Structures are given as structure tokens and as C-alpha cells.
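Participant: Listed here are the chains, written in short residue letters.
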Amino acid sequence: MTDPLGPTIAASDQPTPALQADGVSKRFAGVHALTDVSFSVAPGSIHALVGENGAGKSTLIKVLTGVYQPDDGQLLYQGNPVSFSRPADAQNAGISTVYQEINLVPLLSVARNIYLGREPRTRLGLIDVRTMNRDAAKLIREFGINLDVTSELGTFGLGIQQMIALARAVTIEARVIIMDEPTSSLEIQEVQTLFSVARRLRDQGAGIVFVSHRLDELWQLCDAVTILRDGQLVHTGAMADLDRRGLISHMLGRDIADVAAHGATSFEEEDTITDQVPVLSVSGLQSPGRLHDIDLKVRPGEVLGLAGLLGSGRSETVKAIYGALGTSAGDVEVAGKKIRRGSITTSLASGIALLSEDRKAEGIIPELSVRDNIVLAVMDKVSRAGVISDAKVNDLVDTFIKRLHIKVSSPKQLVSQLSGGNQQKVLIARWLCTEPRVFLLDEPTRGIDVGAKREVQELINELASKGLGVVLISSETEELVEGSGRVLVLHEGSISEEISGSDLTNARLLSALVGTDRTDDTDRTEADALETTEEGKS
Amino acid sequence: MSLNKTDTEAIARSSTQAVRTRRRFDGAWLARNGVYMALIALVIINIVITPHFVSVANLRLQLIQTAPVLIVALGMALVIGTKGIDLSVGSVMALSAAVMPLYIGYGTIPAILIGVAFGAVTGYIAGTLVARLGLQPIVATLAIMVGGRGLANVIGGQIKNLNDPGLVALGSGSLFGIPYTVLIAALLLLLVMFVVRRTTFGRALEAVGGNPLASQLAGLRIKRVLTYVYIISGVFAAIAGVLVAAKSQASDPRTLGLLIELSAIAAVVIGGTPLSGGKIRVVGTLAGALLMQLIISTLVAHNIADSVAQMVQAGVIIVAVYVQLGRKSR
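Top to bottom, those sequences are chains C and S.
Taking the numbering used here, the leading residue of the first sequence gets 15, the next gets one more, and so forth.
Taking the numbering used here, the leading residue of the second sequence gets 315, the next gets one more, and so forth.
Hints are computed from structural coordinates only; laboratory data are not their basis.
This structure is a prediction, so every number in the text was calculated from the model and none was measured.
Mixed in with the good hints there might be a few duds.
[To be verified] When the alpha-carbon atoms are kept at most 30 Å apart in a straight line, the in silico DSBU-like pairs for lysine-lysine are as follows:
| hint | chain 1 | residue 1 | chain 2 | residue 2 |
| --- | --- | --- | --- | --- |
| 1 | S | K537 | C | K416 |
| 2 | S | K593 | C | K351 |
| 3 | S | K474 | C | K406 |
| 4 | S | K474 | C | K426 |
| 5 | C | K421 | S | K593 |
| 6 | S | K593 | C | K395 |
| 7 | C | K352 | S | K537 |
| 8 | C | K395 | C | K406 |
[Unchecked claim] Computed Cβ-Cβ distance ranges for the label pairs, DEER-style:
| hint | chain 1 | residue 1 | chain 2 | residue 2 | range |
| --- | --- | --- | --- | --- | --- |
| 9 | S | I492 | C | G168 | 55 to 61 Å |
| 10 | C | S99 | S | R511 | 40 to 46 Å |
| 11 | S | R511 | C | S342 | 31 to 37 Å |
| 12 | S | R511 | C | S508 | 48 to 54 Å |
| 13 | C | D103 | S | V460 | 48 to 54 Å |
| 14 | C | P29 | S | Y350 | 42 to 48 Å |
| 15 | S | T364 | C | R132 | 55 to 61 Å |
| 16 | C | G168 | S | V453 | 22 to 28 Å |
| 17 | S | L504 | C | R132 | 55 to 61 Å |
| 18 | C | P120 | S | S486 | 37 to 43 Å |
| 19 | C | E449 | S | P424 | 46 to 52 Å |
| 20 | C | D372 | S | Y420 | 44 to 50 Å |
[What the hints assert, rightly or not] Some chain S residues flagged as far from chain C (calculated, every beta-carbon gap over 12 Å):
| hint | residue |
| --- | --- |
| 21 | Q379 |
| 22 | G395 |
| 23 | A434 |
| 24 | F508 |
| 25 | L531 |
| 26 | L534 |
| 27 | Q624 |
| 28 | Q627 |
Glycine is no exception: its CB is placed at the ideal position from the N, C-alpha and C atoms.
Generate coordinates for the entire structure from the input sequences, incorporating the hints supplied.
Facilitator: Structure below.
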């Protein structure tokens with residue numbers, strides 16, 4: 015690839031930004047998604063782009079990558095004005111994007127994916143498989159991953175797939191790499207490997223734009239930060255000059271004191287009376303190859319945390335309880351009454367609700383309205399003889415839209431048009447309509463913005479205080495420590511540990527997760543870094 | 315100082331509306347209403363160029379000829395809404411028409427009921443293959459299409475005359491000047507509109523078509539929903555078969571309903587129901603069926619060969635699907 019830049023020497027001592035957006039505006043149907051936003055990422059730096067959902071991050075990224083064309087303002091790439099009319103233009107220029115949802119080809123081999131469209135050729139014009147595989151293997155090894163590059167990509171986990179997407183960015187010698195929530199589905203170790211790869215790319219001079227809802231990551235990785243709110247730029251500067259509270263207050267547009275009051279979300283620690291009948295009691299739950307002998311009890315008003323790495327059986331546990339995963343043995347009791355195993359309808363009828371992890375695949379019905387999505391699980395309750403009562407539906411829907419502050423233009427708006435946070439609230443509303451006694455929440459705050467996240471956490475707290483039994487799964491240990499009174503740690507499909515009371519600290523939970531016995535006060539960063547250096551370094 | 319949130323939202327909303335009114339004729343609007351526009355245009359053209367187009371006899375004829383396709387297309391629209399397809403409808407028509415002569419001795423009504431019951435049974439088989447055994451709808455219904463036609467031939471054998479007075483009345487009679495066939499099609503149209511818009515079953519159909527996994531997790535009995543929808547499609551096809559046989563006063567298992575699945579699918583797709591499921595457009599289906607019928611009759615009225623009419627229909631299908639694709643990419 016030729017180097018597209020004819021660098022205009024900047025007058026200042028600042029290096030020419032690798033990619034710059036200058037006064038960019040974008041409107042959709044008259045609504046301003048971006049208003050006069052300027053943003054620039056310097057070569058050899060990692061620039062965080064943060065904001066609540068709907069703040070304009072995605073729109074800005076789509077403008078930068080040629081998916082949208084700005085209505086006003088212009089893009090400068092290596093100092094030269096450019097306009098990308100298609101994503102391919104941006105890619106050809108050297109801007110590579112790694113999305114949260116991988117857009118690679120799962121049925122092709124890892125090596126083919128890395129070199130897709132630019133495969134090394136033999137003299138006959140055929141793909142030079144040997145060279146391709148050799149180069150790919152070398153590259154992957156440098157990343158500290160050990161895998162067979164000839165296997166199909168789809169056989170690997172999301173984390174690996176993301177790494178492959180980055181590897182692809184390396185081979186096309188991208189000058190700008192945009193990472194859109196790359197870590198949201200990764201395990202702790204994978205995140206650290208990903209970060210080390212990102213740092214390496216930075217050191218080679220690439221400008222990296224990093225979007226994440228996991229705020230703690232930003233200080234670990236990023237050099238600079240730009241904060242958007244309501245489509246406008248509210249802050250840009252060095253990462254180190256901003257602390258967590260400052261960042262959050264910029265994002266929310268509330269002042270620091272307010273954030274401090276609410277920011278450290280603390281769920282009430284219920285002093286539960288131990289002889290209360292558990293609202294959910296699970297014993298000896300087995301699912302061949304996935305779950306072994308899971309026992310757990312949740313008392314009314316209790317938030318029970320479930321921790322574990324990806325593949326530890328967290329989601330499988332709640333799915334098995336809900337009846338959505340086949341089980342071979344075990345009992346599930348709701349408020350002392352045994353229910354039929356493996357039937358979703360029975361579970362729903364006895365008061366179990368499951369907010370599943372994958373909002374898109376297992377949650378929303380995109381072609382239906384917000385209204386229809388909310389009442390989906392209670393259609394029998396809002397109808398007579400199969401005919402839906404509009405009045406009953408409106409009552410229910412209005413109540414929940416107000417109560418959960420769901421932002422919609424009308425209840426008849428398609429759910430697919432909402433932001434992630436609002437979609438999540440729609441789903442929570444769907445389950446609250448069923449008046450559950452046990453609420454199984456699988457990563458309820460993943461991929462939603464800080465504001466919505468806090469609202470969801472407060473809601474969980476409120477529900478518990480009303481006597482619901484809550485099971486909370488989260489890969490953010492802070493959320494579990496703050497949010498639950500007791501945490502079960504899962505490892506390879508069995509419960510390996512229970513942590514409660516004053517033992518329940520971030521450090522203790524982390525060490526339980528990574529499987530070491532260290533109980534000192536190492537914080538997350540150090541624990542993680544240690545993990546990766548042990549197995550990750552080349 | 316600054317506007318509070320409700321104000322900002324109100325402004326955003328009103329400006330959205332303003333823009334919506336200004337940009338009426340965009341891709342989404344065209345995808346939703348193009349079929350109606352095309353239909354109106356074709357009617358106007360016919361009023362101008364086709365002699366005797368606006369006559370009771372002609373309009374009657376157009377409606378009578380549309381009715382069987384419409385009835386089949388209504389069932390098809392429901393199936394397509396669940397991301398399925400039903401290729402067996404033509405054979406089911408032949409099957410219901412083939413069994414009627416055997417039972418006509420018991421009276422008109424019993425014979426019709428048995429014909430319709432055959433539709434329910436084949437629909438149940440298709441539904442079971444799709445919902446319980448997990449066969450792809452196109453494969454399951456293709457098998458029934460082939461097997462059903464064979465069975466109709468075995469049962470019916472040669473072409474049989476049907477001159478039962480009851481059936482003749484059903485096929486050729488009318489109520490207040492409206493042919494029974496058209497009345498029945500209209501009733502079924504209203505029924506399907508009601509089911510799609512107002513019932514839990516209709517909502518379940520769209521939910522299952524839009525996201526089966528999420529529907530299942532929300533406690534919908536998706537296997538039951540899928541089984542029912544194929545039964546409905548089978549019953550509707552059987553009704554169409556009865557009506558066609560009654561109209562022609564004959565039952566020919568080899569040709570009755572042949573290729574009607576294609577007309578029905580075309581009507582559904584032109585009407586704006588996406589093949590990817592999740593959305594059912596009933597009135598659009600009616601417009602689609604009328605449009606296809608009118609294209610043929612227009613060309614025939616002007617002495618243009620049937621084969622040309624088929625090619626024009628092909629063009630309309632491609633345009634209709636293209637317009638819907640445009641809605642997504644725009």
C-alpha cells in the first residue's frame with residue numbers, strides 16, 4: 015500500500031493529526047445528531063471517545079469511517095481534506111474499524127480473514143495459502159495468542175475474533191484504527207491482551223480511537239479523551255487530567271457533587287432474616303457438559319451476584335433455572351413450591367423472569383413497536399379470548415415508560431430505533447409486566463451508557479427492597495461488589511466459591527475469578543496485568 | 315438559560331414532523347404505498363384506454379378472478395410473516411377439489427367440509443414438519459406440494475364433473491349482486507385483518523417471524539404458533555380449491571391450482587410483506603393480488619399475449635422487491 019499522505023507541515027509543534035473532524039454536523043430528519051463537533055486523534059496516541067448512548071459517538075464514528083457524510087464541516091486525514099462517500103473509501107485510505115460485533119467471515123479460516131481481499135498470490139494468480147498461513151501465524155504469535163490459523167474463525171470465541179480483526183488492521187497498515195466497544199464481550203485476560211496489541215499499534219504510530227462503556231479501562235489505555243453530550247463536544251483533553259468523577263459529570267452534564275452523591279451506586283445491604291423462605295431455591299441442577307450440581311438460594315429482597323469468566327456457566331445457570339436450557343437433574347423451587355423443570359411457560363407462570371444477556375438476539379423483536387415489545391410476555395393478561403385490549407396495553411405501557419424513563423417519540427415507535435439503554439429498559443419493562451418474584455438479570459448494564467446504567471442499578475435496588483429475589487450476573491466486579499450482598503463464583507460449570515459480608519471486596523472477587531488464592535488488596539489493573547504477563551508476552 | 319428537557323424534546327418532535335411532511339415521497343413511503351399507487355394508476359389507465367372497463371360485468375369478473383388467489387395469498391401472508399413459505403397451496407387446492415366428488419353424495423355442506431378438512435390436515439403435517447421436526451419451510455412444503463398433487467391424482471383420477479346444485483350455486487350465485495366467491499374472499503380478508511391487528515395470535519406471528527428466540531424466551535409457544543399458521547394456510551387453500559371447483563363445475567386434479575403458489579407469493583411480496591418475516595401487510599396483499607390480476611386483464615383486453623403478461627408480472631415483482639430493499643439501505 016502506498017502512503018497516501020503528503021504531509022502539510024503544521025505550523026505548531028503539534029504533529030499533524032492522523033484524523034481530524036472539523037466542525038462536523040449531522041442531522042437526521044431534522045434532529046441534530048452532531049452539532050459542530052471537532053475531534054482529532056494524533057498519530058501514536060490512543061484517544062478515548064466517550065458519552066452516554068445517544069450522545070453522538072456512533073454518529074461521529076460513522077462520519078469518520080465514511081458510513082455517513084457530514085452535513086457541515088469537513089474531515090482531514092493526515093492533514094488533507096478528504097470526503098469518504100463509502101466505508102470502502104475510508105478503509106482504502108487506511109482507516110480501519112474494529113466493531114463490537116465482528117464483521118468477519120466465520121466460515122473462513124483465521125488466516126483468510128486476516129488477509130481477506132489482499133491474499134498473497136502465486137504466479138498463477140491463485141491464493142498462496144502457504145505464505146498466507148505462515149504470515150498469519152507469525153502475526154498471531156506476536157499478539158501472544160496461540161491458535162491454528164487454518165481453523166475456521168467461527169470456532170473461536172468473540173475475544174479471539176476481535177483480536178483477528180485487529181490483526182487485520184495491522185496487516186493493512188492502518189494509520190487510524192477505530193475500536194468501537196471492543197471489550198464489551200471480552201474476558202479480563204483477553205482485554206489485557208487486546209490492550210497490549212493496541213499499545214503496540216500506537217507505538218508504531220497509529221492513531222487509535224477507543225470507545226468503551228467500561229470507564230475504568232480508559233485510564234489504563236488512553237492518552238487523550240473527548241466527551242460528547244447531546245451531539246455536542248463538551249470536553250477534550252489529556253486523559254490523565256480528568257478523574258472518574260470529572261469524566262462522569264461531563265458525560266451526564268451534572269455537577270460533581272451530584273455525581274458523588276449518586277455515582278457510587280450502593281445497593282442497600284439487606285440484613286436479611288435468615289429463616290425467611292427462599293423465594294428461589296435451586297438444588298443439584300445439572301446440564302450435561304455445562305453445569306454440574308448447582309445449588310443456590312435467593313431470599314426475598316436479596317440480590318445474589320453470579321460471577322465467573324466467560325464460559326464459566328453464568329448465563330447457562332440462569333437459563334437452566336428459567337427453563338431455556340436443557341437439564342438432566344435438579345430441582346427448582348419458587349417460594350417453596352417445586353416447579354416443572356425445563357418449561358419457560360411454567361417458570362414465567364410461577365414468577366421467574368430472565369433478562370437475557372444478548373439484547374439483540376434474545377431480547378428485542380426489532381420489527382415490532384416499543385408497545386408490542388413491552389407486552390410480549392403478558393399478552394394473555396392484556397387480552398380477552400385472544401383479542402388484545404388496547405386500553406389495558408396502553409395502561410401498562412404508559413406506566414412503564416414513565417416509571418423507567420424510557421425515551422420514545424411514541425409508544426408505537428419501532429424498538430429497533432431506540433438506543434441500547436432504552437432497548438434494555440423496554441426489555442426490563444417486558445419482564446416487570448409479568449410481576450416476577452424472581453428476576454434473573456444477565457449482564458443488565460452491558461453496553462448501555464452511564465446514565466442508563468445508574469438507573470438500572472437503582473431499579474434493581476428498588477425491586478429488591480420490594481421483596482423481589484434478584485440474581486445478578488455481571489462481568490464488572492465493581493458492579494457485583496456494590497450491587498449484591500452475596501456473590502457466587504462459578505468455574506467450569508460449578509460453584510467454586512461463595513463470598514459474602516465484609517469479604518466481598520473487589521480484590522477478593524477478582525482473585526477468586528482469576529483463580530489465584532491471593533487475597534491482598536491488589537486492584538483490578540494489577541491483577542489483570544499480572545495475568546497477561548504470565549501467559550501473554552511474546 | 316437553557317431549555318429544559320421536555321421543551322427540547324417537544325421541539326425535536328415537532329421539527330421531525332415538519333420534515334416528515336416535507337419529505338413525503340421518500341423510499342420508505344414508496345415501499346409502503348407504492349403498490350396502492352401502482353394499482354390506482356393502472357385503474358386510471360384502464361378507465362381511459364380500455365373500452366367497457368367501468369362496467370359492472372367487468373368489475374365483477376375482475377373480482378371473481380382475483381378471489382381465489384387472494385384467499386390463498388392471505389394464508390400465505392401469515393406464513394411469510396413467520397419467515398416461512400407455503401409452496402403446497404396449489405396441491406392442497408387440487409386435493410380438496412378432488413375429495414369433494416367422493417363425498418358429494420352426503421350433501422353439499424359435508425362435501426365442502428371434508429374438502430376443507432383435507433386442507434387442515436395437510437397444513438397440520440406441514441406445520442409439524444416445520445415446527446416440531448425443524449425442517450425448513452421451503453423443503454417441508456415442497457414435499458407436500460409434490461406428494462399432495464400425487465395424492466390428488468390418486469384420489470381424483472380423471473377430471474370429474476361437479477354439477478351438485480349447491481356447489482353450482484356457490485360457484486355462480488351471488489348475494490345482492492355480489493358473487494359468493496367474492497363475498498367469501500372479502501370475509502376472509504376482514505378476518506385476517508382482524509387477526510393480524512387485534513389478536514394475540516397475530517402479534518405472536520409477527521414476533522416469531524421477527525425474532526423466534528426472543529419470542530420463545532418471552533414465553534410464546536412458538537411451535538404451536540407455527541403449526542397453526544400452516545393449518546390456516548392449508549384451510550384457506552382448500553377453501554380456494556372448493557370455490558374454483560364450484561365455479562368451473564369440475565375438478566381436475568392435474569391442473570387445478572397449478573402454480574398458484576407463485577401468484578400468491580407475488581401478491582404478498584408486492585403488497586409489502588417482507589420475505590424475511592416479522593411484518594404482515596394484509597391490505598397490501600389485497601392490492602398486490604388486484605394489481606397482478608389487473609395487469610393480466612389489461613394486456614389481454616388489448617390483445618397482447620398471455621406470455622407477455624407473465625413477463626410484465628415478473629418485472630413488477632422485481633420492482634416491488636427492489637423498492638423494499640431501498641427502504642432499508644436509505
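Participant: Give a verdict on every hint.
Facilitator: Hint-by-hint comparison with the structure:
This hinted pair does not check out: K537 of chain S and K416 of chain C have alpha carbons roughly 35 Å apart, beyond 30 Å. For the suggested pair K593 of chain S and K351 of chain C, the alpha carbons sit about 40 Å apart, so the restraint of at most 30 Å is broken. Restraint check for K474 of chain S and K406 of chain C: the C-alpha separation of about 54 Å exceeds 30 Å, so the hint is violated. In summary, the hint linking K474 of chain S to K426 of chain C is not supported, as the alpha carbons are separated by about 53 Å, beyond the 30 Å threshold.
Using a Cα cut-off of 30 Å, the hinted pair K421 of chain C and K593 of chain S holds, with the two alpha carbons roughly 24 Å apart. Between K593 of chain S and K395 of chain C the alpha-carbon distance is near 23 Å, which keeps this suggested pair within the 30 Å criterion. Between the alpha carbons of K352 of chain C and K537 of chain S the distance comes to roughly 26 Å, so the proposed pair stays at or under 30 Å and holds. Of the supplied pair hints, the one linking K395 of chain C and K406 of chain C holds, its CA atoms being roughly 9 Å apart against a limit of 30 Å.
Roughly 58 Å separates the CB atoms of I492 of chain S and G168 of chain C, a value that falls within the hinted 55 to 61 Å. Separated by about 42 Å at the C-beta atoms, S99 of chain C and R511 of chain S satisfy the suggested range of 40 to 46 Å. Between R511 of chain S and S342 of chain C the CB atoms are about 43 Å apart, so this pair departs from the stated range of 31 to 37 Å. Taken as a hint, the range 48 to 54 Å holds for the pair R511 of chain S and S508 of chain C, whose Cβ atoms sit roughly 49 Å apart.
With their beta carbons about 50 Å apart, D103 of chain C and V460 of chain S fall inside the hinted range of 48 to 54 Å. The given range of 42 to 48 Å is broken by P29 of chain C and Y350 of chain S, whose C-beta atoms sit roughly 59 Å from each other. In this structure, T364 of chain S and R132 of chain C meet the distance hint of 55 to 61 Å, their C-beta atoms being roughly 59 Å apart. Checking the proposed 22 to 28 Å range against G168 of chain C and V453 of chain S shows it holds: the Cβ atoms sit about 24 Å from each other.
Range check, L504 of chain S to R132 of chain C: Cβ separation about 58 Å, and the 55 to 61 Å hint holds. Range check, P120 of chain C to S486 of chain S: about 59 Å between beta-carbon atoms, so the 37 to 43 Å window is missed. At roughly 49 Å, the beta carbons of E449 of chain C and P424 of chain S sit within the given window of 46 to 52 Å. The supplied range of 44 to 50 Å is broken by D372 of chain C and Y420 of chain S, whose beta-carbon atoms lie about 56 Å from each other.
Interface exclusion of Q379 of chain S from chain C stands, the closest Cβ pair being 33 Å apart, more than 12 Å. Distance check on G395 of chain S: its Cβ comes as close as 10 Å (rounded) to a Cβ of chain C, failing to clear the 12 Å threshold; non-interface status is violated. At roughly 19 Å, the least C-beta separation between A434 of chain S and chain C is larger than 12 Å, which holds for a residue marked as non-interface. Non-interface call for F508 of chain S relative to chain C: violated, since the shortest CB-CB distance, roughly 8 Å, does not exceed 12 Å.
Distance check for L531 of chain S against chain C: the nearest CB is about 6 Å away, which does not clear 12 Å, and the non-interface claim fails. Taking the minimum C-beta to C-beta distance to chain C, about 7 Å, the non-interface status of L534 of chain S is violated against the 12 Å cut. Its beta-carbon lying about 32 Å from the closest one in chain C, Q624 of chain S satisfies the requirement of being farther than 12 Å from that chain. Once the 12 Å rule is applied to beta carbons, Q627 of chain S is consistent with being away from chain C; the minimum gap is 27 Å.
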